[in-house]
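**Student:** Heads up: the sequence lines are chains D and U, in that order. Residue numbers for the first sequence follow this note's numbering, so the first one is 1 and each next one is one higher. Residue numbers for the second sequence follow this note's numbering, so the first one is 466 and each next one is one higher.
Please keep in mind that the hints were generated in silico from the structure rather than gathered at the bench. Where a beta carbon is used, it is the ideal one built from N, C-alpha and C, also for glycine. A hint or two may mislead.
[Claimed, not checked] Now the stretches of chain D that chain U is said to cover, found in silico as 3 or more residues with beta-carbon under 8 Å:
hint, stretch
1, 31-40
2, 65-75
3, 381-387
4, 403-414
Residue strings, one per chain:
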Amino acid sequence: MEDSIENIIEAATKLGASYADLRFDKIYSTRIQVRNKEVTSFRTLFEQGSGLRVLVDGAWGFTMSSDLEKLASSVSKAVKLARQSASHRTERINVEEQRRFKSDVEWKQKKSHDTVGIEEKVKFALEVNKRPRDLSENIVMVDNVYFEEDMSRWFANSEGTFIKHSKPVTAATLRLVGKSGDLIVSRSRALGGLAGLEAIPFDKFLQITEEETRNIEDLLKAKPAPSGDLPAVLNYDLGYTLAHEAFGHLCEGDSILQGDSILEGKIGEQVASDLVTIIDDPTMKEATGIPAYGSYPFDDEGIKAAPTTLVKGGKLVSYLHGRETASKLGQKVTGNARVENYKRLPLVRMSNIYIKPSTFSEEELFEDIQNGVYLVDARGGQTTGQGTFHVGVQMVYLIKNGERGELRRGTAIAGRTLDTLKKIDAVGKKISYDIGGCGKGDPEQMVRCGSNGPPIRVSSITIGG
Amino acid sequence: MNTLLTIGENILKEHRKFEDLTATEVFLESTITTTLRLEQWQLKMGETTEEWGGAVRAIVGKGVGFSTFSNASLGSKAIRAAVKNARAAPPSEYATFPSVEKVPNVQGIYDKKVEDVDVEYLTDELLQFRDAADKKRLHSLIGTIRAIVREIAILNTQGVKYASKSTKLTFGGECHAKKGDNLTSAAATEYSSTTRSPIDTREIGEGIMKDALLQLDAKKVRSENMKVVLHPLAVREIFGWVLAPEFLAHNILKKESPFVDKIGEKIGSEQVTLMDMGLSPEAYYPGGFDDEGYPRKNTMVVEKGVLKSFLYDSTTAKEAETESTGNSGRFSAYSRRNYAFPPVCSTNRLTFQPGTATLEEMIEDVKYGVYLKYPIGAHSGNVASGIFNVAPYISFLIENGEIVGGIKKFVMSSNTPELLKKITMVGKKVKNEALEWNEQVSGPHLMIEDVKIVG
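For reference, chain D alone in the conformation it holds in the complex:
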């Protein structure tokens, strides 16, 4: 296969490509989904295929196929389409030459997927589904997923880089819906990592399941959340969501080039309070030593992964880049080009973005708030290049006189990103790790991201009732 990959790249350069790269994926996964006792999906996935990108006369061409031989026969089509675009350009796209790597990286499983039989995994998934309904009569829906994947990606380019990276993924997710009278509430949780079965100890996930059942019971007794502008402590998941959704997307070099970011031209400017340092780190490891969920050794353009500080002491110091955006803006490539799979072109993406922890204990975060809210766990988040954001919130606690008080139901926060970042007046010291995903592009590409960070405090945030 290595020879076929190199032959295709060579064919592209012979047809006139000044640069070419190819990604070949081989994925094997199992997914068991249970919804109210019923196994609604019990899937094994075999996926393989390759995508070739060419730069011809200063414009891009791309072709993709699940069959390497078919890909070889469509190289000329990609070159032709690139030339078509190039004939309507006045300015050439460039990628500056980068260091070449030959590498074969395998992230190993301590407890590999095949050490536990499929029957045992089904039993686990069914038990997760049963436990909440045994514990509470108010649970009307339990939807949970067990997922494992073994994936290998080969990357090669016309500069001589050839990388193979293999990694495992194991995850479990849970969604509960509770109902009492006309009131319906829900909770979502996940556990997992870029590892084997050690990423989801079954007992631990069952404990989480019980904890979430108690949360549903409590939410069913809770009143609606308050609305308006209030001081707030955001738990690690919401702090992360603010860093990722509201801010991180605005730092992506392709958004800058597309004129779709309010951070365009703001390098060196104060964009957050001076307590805020934000880093994107694809080499990050969790406290357990497992690579954080958005980690990779090389990005999908063959650039070696390294941390990038985006904001230091509140000042914007860098964007995130792939090769094209770095070249165009005359900045250093940061190794943030990622693809969901071989079917798609690389986009500039975050890996594990987080707000750097500071010194505040949880008690210290609360103690200065007389009348505010403690916001717990995000339910989806979205941002715009204009610098506005919307994030769903799963649970709200009132804060009165520096103490966490009554639980209220879920709500949403929204606002202008830079205004909100400038209102961060405390950053917690404890970092938490979680798994997450991010969608971007057209067609949308989902990639794994670490959902990590400390809790933060903002002097005021808009809360929808």
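Position chain U against the provided structure of chain D, taking the given hints into account.
**Tutor:** Chain U only, in chain D's frame:
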């Protein structure tokens, strides 16, 4: 014979190797796409992609197993994996595949001219879009045009054996305007199955430029209950993410919808008529059969505010002891239609039946309110309760019957049962806005009264 059907028959023959196998189903999909993209006033890239994939569902006893594969040579491996999973799966009382039924022939979903489309034609369309937008007044411009040829085949051991081929031309345009630190956005998407009803890319370019410039005059909105006019894109976002799933049988059967046990009850205003247009050639994924091979049809879901029916696939129909409405689709919540997902109950094209009001009449009727063109955050809504909060991406303030500027920040809070009852005006039919999500909803402009806005 259709190539996909031939491949499917060969995979289905493997069924005989497994003595305990009760039934098998094979779904195959091939999508060939030619794409041209324009960024910052210049063509940036061209793509030609062939996405091929298949899926096998196997029933052993009452257990159902599923597997997917991206290459025909992996078909045998896939059927073995599906059987293995079915053997390990707990019994499902409702596991079933459809039997042979007469499948309607939906006309107007395929155009040879789209399949053979010339890249020069696509280039011209993109350049017309570009030339309609004024480079001096805009900060940036992005456009993407695609010609798509999609084939699917569904076969099972009950005798179902259908194939379908459809085409699409799709166009998406986006632009940004900037004044100081105020960056505004505008976007539009449109599609057509044939070149006989071409997309007017020039009109799209002019329209989004106008929206982006209008928003440069940014206004603050008060915190109060007010009238909101929803653009079709906002209808798609809010009702697509939150409302459409509430009519799907799997959510009804699991009590995860505010409309459980409400058949025959008034759940919306007189103006609300919602039909799932399963036979519409305008559906984004049109055709005469659903993704498990059951005939599609048009199903009245809400008529003049009264809830008439939910939407069923074979499995949910069996559980509810009724008939399938042909509403099976292979989707995930965050994906386009994709062979890699097992079929689930989904809308075909849930459509608000058009009314008579024009957008201008709606705006004139508003003394102080919001025209919401594109919200963000609808995906975080709660399907079970219908409660959602959204913030604006593209939005305008209306004062005394006129749009006076853009609005950057507010939270709109409501829930779908309440919203349906507050719809007072329904607009005329609009063009096809691109609908690619699982819970597809289409609709014209809607006027909604008394909506909570936190400014």
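**Student:** Confirm or reject each hint.
**Tutor:** Okay, the hints, checked on the actual structure:
no. : hint    : in the structure
1   : 31-40   : holds (count 5)
2   : 65-75   : holds (count 5)
3   : 381-387 : holds (count 7)
4   : 403-414 : holds (count 4)
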